[in-house]
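**Student:** Below are the chains, spelled out letter by letter.
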Amino acid sequence: MKQKESKIMLSHGSGGKMMHNLIEDLFVKHFNNSILNEQTDSAILSVSSPIAFTTDSFVIDPLFFPGGNIGKLAVCGTVNDLAVSGAEPLYISVSFIIEEGFPIADLETIVISLAEEAQKAGVLIVTGDTKVVNKGKCDKLFINTAGVGCVKNGNNSITKGLGIIPGDLIIINGSIGDHGMAIMNIRESFNFKTDLSSDCASLNHMIHEVLEKTTVKFMRDPTRGGVATVLNELAGKVKLGIEIDETALPLKSNVKAMCEILGFDPLHVANEGKVIFVVAHEFESEILEALRNSEFGRQSAVIGRVVDNHPGKVVLKNETGGRRIIDSLSGDQLPRIC
Amino acid sequence: MKYVDEYRKKDLILSVAEKLSSASKKEIVLMEVCGGHTMAIHRFGLTALLPPTIHLISGPGCPVCVSSQHFIDTAMAYSKIPDVIITTYGDLIRVPGSETSLEKERANGSNIRIVYSVLESLEIARKNPDKSVIFLGIGFETTAPLTAAAIIQAEKDKIPNFFVLSAHKVMPPVMKALVEEGVKIDGFIAPGHVSAITGTSIYNELVTVCGLGVVVSGFEPVDMMQAILMLVNQIESGVPAVEVQYQRVVHSQGNVIAQKILSDVFDLRDDTWRGLGVIPRSGLKLAEKYASFDAERKFSVEVPESTEPKGCICGSILRGLKTPLDCGLFGKKCTPSNPVGACMVSGEGTCGTYFKYRS
Numbered sequence: 023m024k025q026k027e028s029k030i031m032l033s034h035g036s037g038g039k040m041m042h043n044l045i046e047d048l049f050v051k052h053f054n055n056s057i058l059n060e061q062t063d064s065a066i067l068s069v070s071s072p073i074a075f076t077t078d079s080f081v082i083d084p085l086f087f088p089g090g091n092i093g094k095l096a097v098c099g100t101v102n103d104l105a106v107s108g109a110e111p112l113y114i115s116v117s118f119i120i121e122e123g124f125p126i127a128d129l130e131t132i133v134i135s136l137a138e139e140a141q142k143a144g145v146l147i148v149t150g151d152t153k154v155v156n157k158g159k160c161d162k163l164f165i166n167t168a169g170v171g172c173v174k175n176g177n178n179s180i181t182k183g184l185g186i187i188p189g190d191l192i193i194i195n196g197s198i199g200d201h202g203m204a205i206m207n208i209r210e211s212f213n214f215k216t217d218l219s220s221d222c223a224s225l226n227h228m229i230h231e232v233l234e235k236t237t238v239k240f241m242r243d244p245t246r247g248g249v250a251t252v253l254n255e256l257a258g259k260v261k262l263g264i265e266i267d268e269t270a271l272p273l274k275s276n277v278k279a280m281c282e283i284l285g286f287d288p289l290h291v292a293n294e295g296k297v298i299f300v301v302a303h304e305f306e307s308e309i310l311e312a313l314r315n316s317e318f319g320r321q322s323a324v325i326g327r328v329v330d331n332h333p334g335k336v337v338l339k340n341e342t343g344g345r346r347i348i349d350s351l352s353g354d355q356l357p358r359i360c
Numbered sequence: 446m447k448y449v450d451e452y453r454k455k456d457l458i459l460s461v462a463e464k465l466s467s468a469s470k471k472e473i474v475l476m477e478v479c480g481g482h483t484m485a486i487h488r489f490g491l492t493a494l495l496p497p498t499i500h501l502i503s504g505p506g507c508p509v510c511v512s513s514q515h516f517i518d519t520a521m522a523y524s525k526i527p528d529v530i531i532t533t534y535g536d537l538i539r540v541p542g543s544e545t546s547l548e549k550e551r552a553n554g555s556n557i558r559i560v561y562s563v564l565e566s567l568e569i570a571r572k573n574p575d576k577s578v579i580f581l582g583i584g585f586e587t588t589a590p591l592t593a594a595a596i597i598q599a600e601k602d603k604i605p606n607f608f609v610l611s612a613h614k615v616m617p618p619v620m621k622a623l624v625e626e627g628v629k630i631d632g633f634i635a636p637g638h639v640s641a642i643t644g645t646s647i648y649n650e651l652v653t654v655c656g657l658g659v660v661v662s663g664f665e666p667v668d669m670m671q672a673i674l675m676l677v678n679q680i681e682s683g684v685p686a687v688e689v690q691y692q693r694v695v696h697s698q699g700n701v702i703a704q705k706i707l708s709d710v711f712d713l714r715d716d717t718w719r720g721l722g723v724i725p726r727s728g729l730k731l732a733e734k735y736a737s738f739d740a741e742r743k744f745s746v747e748v749p750e751s752t753e754p755k756g757c758i759c760g761s762i763l764r765g766l767k768t769p770l771d772c773g774l775f776g777k778k779c780t781p782s783n784p785v786g787a788c789m790v791s792g793e794g795t796c797g798t799y800f801k802y803r804s
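Residue numbers (this note's numbering), protein chains in the order written: chain P, 23 to 360; chain C, 446 to 804.
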């Protein structure tokens, strides 16, 4: 790009020539689509069905991590929120809040990631905004997004978990805790020598295939708070119990090892490329086949089932035959002292 | 995963359980001293596998839980001094003091940072020469050597703005105090990581003076079941002894280098244990040689007399006299999101463990 300066300055957000150049040389260049290129105050969109509409903010530290960066994460997070609502993601907005002095080269890397991930997911970045704040007024770079997707008939109650009955299966599309532990490993300077990386991925194509092939009663992406939080919310909502089988949980050995060392429960660790599905038990093979056809679902597994007992509670059967209640987290997970 | 999976094998656990059933005749009470053991017992549902003759009670081995309210209140007072950075292990951040907690003080603007190792505190001190960095040192013989090593490093590297508020404690005096107080205990399951540092001779007095057996145990379910079996065999044969179940880690001599560092940097002092009162020679204070790193000597703060929260029975729980289920606050007014007593805050506190693993 042609920017003369190497760092973002307040003038880049002031509405003048520098901001115009930044938009042209960076955002329009990489996001490039006919709606955005109009550079109107609002993007004018045509949608023929009911829409799903979501918003999210991304403040991850560090901005770059194994498996992605804040840009890729912003697209994946927004796309997945739409997809698990039964929507086909179509359009997203991207707004940046940038700290004065932020390297423009890093910004371009992030913008390129946003563009590449949007292309993979098949969504258009149609509108956006840039604000630059004084040094110290924000931590390097924050991104806010919104997303719009169309909801096909029959999928509009998928977030509500209607019709869930005892015997239904709980399924996940792969290993848990990868994102949270990958971030923790670099953020807290543990420097465990491991190839652990974030599972950050746009799952809309995989979810589309699943919805084409089978009937799903409920979907949710277990991001912050992990699998435990999603299942607790679901159990409370449908007033039934959920039983999880610890031996069935897909868990990478390096994630398991880090969790053991720090005293963390992987069920509480964040994911960015996982979905929990609830399906009737007769659809088990159909959904597993559809999931395993996707690169993001090879390790899909049935991890538990809905039960009559202990309504509103999630119970884990552990590897030694013991049982324990899995709660939502009351705060951050804190590593043990000894 | 090596060193974990093989000690969680169901058939192995059940085979020890079977041996226990035939070996245990007398009705006995065993105390698992360490919070890590309490957690493992509940996490793996071990009580259900024990014969009805064996009763387990939880001891005072959770460092967060036994740190006195005065210590927390002092830390809070330090956090309000201008240009002070408080560094702490995460567990302490939500412990309620008399009026507030470190978490709430951080929201009020105090500079309080969570660290994973005391050496991070040293780094923070190095990078902020114009600030005073006070590390809240808690933990037993397991964590105290790390604090000691950081202090030695600070002296070597001439870092004058690094300080430690020590609430470090040692294990044997409190175990002896519980027995002398009359708590019914027939044997101790002792923490493996403590003996990895100290060796096993620290428990000899419990055998010779109190006539109680001590088995130093690992933290996996097979370890714990085996440790209980070893204690049962001692009790049934009437020969109490100090034995090591955790042989893959613990040597009878312990870690001699860590012991030297500990005795070099710290002196024993009488110390207050939350809910238990003052126990002679049970705490560690910085030795005279390292006085310049001692926060208590450097900063004087007014700390009002501490009050224990009303209705909280942490003291009786830490003595093994009561369980959290006997507490009127448990699970109602006192939960992990809103802890009244320290035993609910830590992941290894008895109340926190009961709450997490209730079923």
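There could be a bad hint or two in this list.
To be verified - In the PhoX-like style, the derived pairs of lysine-lysine whose C-alpha atoms are separated by at most 20 Å in a straight line are:
hint : chain 1 : residue 1 : chain 2 : residue 2
1    : C       : 767       : P       : 278
2    : P       : 274       : P       : 215
3    : P       : 153       : P       : 259
4    : C       : 705       : C       : 734
5    : C       : 471       : C       : 629
6    : P       : 274       : C       : 447
7    : C       : 454       : P       : 274
8    : P       : 153       : P       : 29
9    : C       : 705       : P       : 339
10   : P       : 259       : P       : 182
11   : P       : 335       : C       : 734
12   : P       : 215       : P       : 278
13   : P       : 29        : P       : 162
14   : P       : 278       : C       : 777
15   : C       : 572       : C       : 470
16   : P       : 142       : P       : 51
17   : C       : 777       : P       : 335
18   : C       : 755       : C       : 767
19   : P       : 339       : C       : 549
20   : P       : 215       : C       : 447
21   : C       : 454       : P       : 278
22   : P       : 339       : C       : 455
23   : P       : 29        : P       : 215
24   : C       : 525       : C       : 549
25   : P       : 261       : P       : 182
These are computed hints drawn from the structure, not numbers from a lab.
**Student:** In ascending order, which of the hints set out earlier in this document are inconsistent with the structure?
**Tutor:** Going through the list in order, the structure violates hints 1, 3, 9, 11, 14, 15, 19, 23 and respects the others.
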